[in-house]
Amino acid sequence: MSAQTDKVTPQRRRLRLPSFGVQVLIGLVLGLVLGFVALQIGPVGEEGEPNWLAVTLQTVGSAFVSLLRTIVPPLIILAVISSIANLRNVTNAARLAWKTLLWFAITALVSVAIAIGLGLLIRPGVNSAVDPGTVSEPSSSGSWIAFIESIIPANFLGLAADTSGSVTTADDGSLGLDASTSLGFNVLQLIVIAIVLGIAAVKTGKAAEPFISFTESALQVVLKALWWVIRLAPIGTVGLLGNAVYSYGWTTIGALGKYTLTIYIGLALVLFVVYPVVARLNGLSPVKYFTGAWPAIQLGFVSRSSMGTMPVTQRVTEQNLGVPRYYSAFAVPFGATTKMDGCAAIYPAISAIFIAQFFPDISLGITDYLLIVFVSVIGSAATAGTTGATVMLTLTLSTLGLPLEGVGLLLAVDPILDMGRTAVNVAGQALIPAIVAKREGILDLDRYNAPRDASGFVPLDGSAQDGEDPEGAQDQEKVPAATAKE
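Numbering-wise (numbering that gives the first Met the number 0), the sequence shown opens with residue 0 and increments by one.
Hints in this document: simulated from the structure, not taken from any laboratory.
Be careful, since some hints might not be right.
[To be verified] What follows is a list of derived Cβ distance ranges for each label pair:
| # | residue 1 | residue 2 | range |
| --- | --- | --- | --- |
| 1 | L101 | P450 | 31 to 41 Å |
| 2 | T203 | L260 | 49 to 59 Å |
| 3 | F271 | I105 | 14 to 24 Å |
| 4 | G256 | V28 | 57 to 67 Å |
| 5 | L410 | G41 | 18 to 28 Å |
All C-beta atoms in this analysis are idealised placements derived from N, C-alpha and C, irrespective of residue type, glycine included.
Take the sequences, apply the hints, and build the full model.
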């Protein structure tokens, strides 16, 4: 009986589903194909309503994004509190924190410099085929005053209410009011609340240990739930990409082809040139970095959410790149809310130059380019780890005095750009902790250089198989005695 069982077991393993990465790639291809099919079917009915396939793609994609956004608020609060609390027993915590910030700023500075150079060289806004009639005010905008005001919590949960209504006329001529109210979370306020609670917990000392333990346990529960959502990424990818192809079509996307190409050239230079050079200058193999961080980069590309990708980013940072948990538990959540080379550097810089070149009688001077650099390096928190790059762009435009209506020109290709932006964001969020850990002498180089398994991860004793929850597979790493407070 045991011999038969041993023979069956390998066969069952061969029948397993493809790896998660392969599933995502299949979702990308299938989304493009189904989006093209929906585009060929076209609208139906007298009013030109979307066909059944287009509706299905839109529903699947929006459902996946909604699930990610639902889990983000508790994830932000718990992750930030835990990240701050995890540094309480580390003597060099302050040095780790400021060096992390320093490297965030350095890579952001290089990224925005590349973006400005590409914008001036390629000139994406000159002779653009986009229709000026599509210009419209953005639904959300940013300014420095609004940015500062948004940091101050309006309530403990960071809740914001949005009430909209319209006057209706009944058949008898009487007037009525059709109103609706929706609640949302202000991510910046959530971050501020979590930072305050985290610092307060550390300062409280022993009395706060139950609170910290509860926070860490609750974080694991939320991460477990989030991983279930992440496993739906291949299906969500089909809906998101297919809906983008159907909604905007090749003609609209082609009209912004030069602009889209410029953005992706900038993203590619940061991802495949800047990051590898930074890794090499710090004595790390760029190849090992890419193979180690690739699962998170790939998921960031399809999910379009740094916070949604954070569990996988933290896993690759610890398990593949060898960053100790007590540091990665701070650096990765912190980076998921502030480290945005794609959304806060490349995208707003090139977009601002595009808008300045598109509108007549607008020219940018050296002061304007310096302002772009300043906003990109300092204002990264405005993106706040979700799909908030439009707010970052309007913040840049308002600082430069450029017309905010120009944002409407770029919305057609934003889903396509957001995939690349988030991938670069996630790549930087995994790289910087490894760089800082290497410079501080706390990086596990054996793990960094170790071979990866078929799922893309360095094997651990008792680790999860591909497709299973990674959170339970992580080894409970202790703070080294050399760096822990007595």
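Evaluation of the provided hints:
Taking the beta carbon of each, L101 and P450 are about 32 Å apart, inside 31 to 41 Å as hinted. The hint said 49 to 59 Å for the Cβ distance between T203 and L260, and at roughly 53 Å that hint holds. Evaluation of the 14 to 24 Å hint for F271 and I105 yields a pass: the beta carbon distance comes to about 18 Å. Distance hint check for G256 and V28: the Cβ-Cβ separation is about 21 Å, which falls outside the suggested range of 57 to 67 Å.
Checking the proposed 18 to 28 Å range against L410 and G41 shows it holds: the Cβ atoms sit about 22 Å from each other.
Hint 4 alone, counting from the list given before, is not met by this structure.
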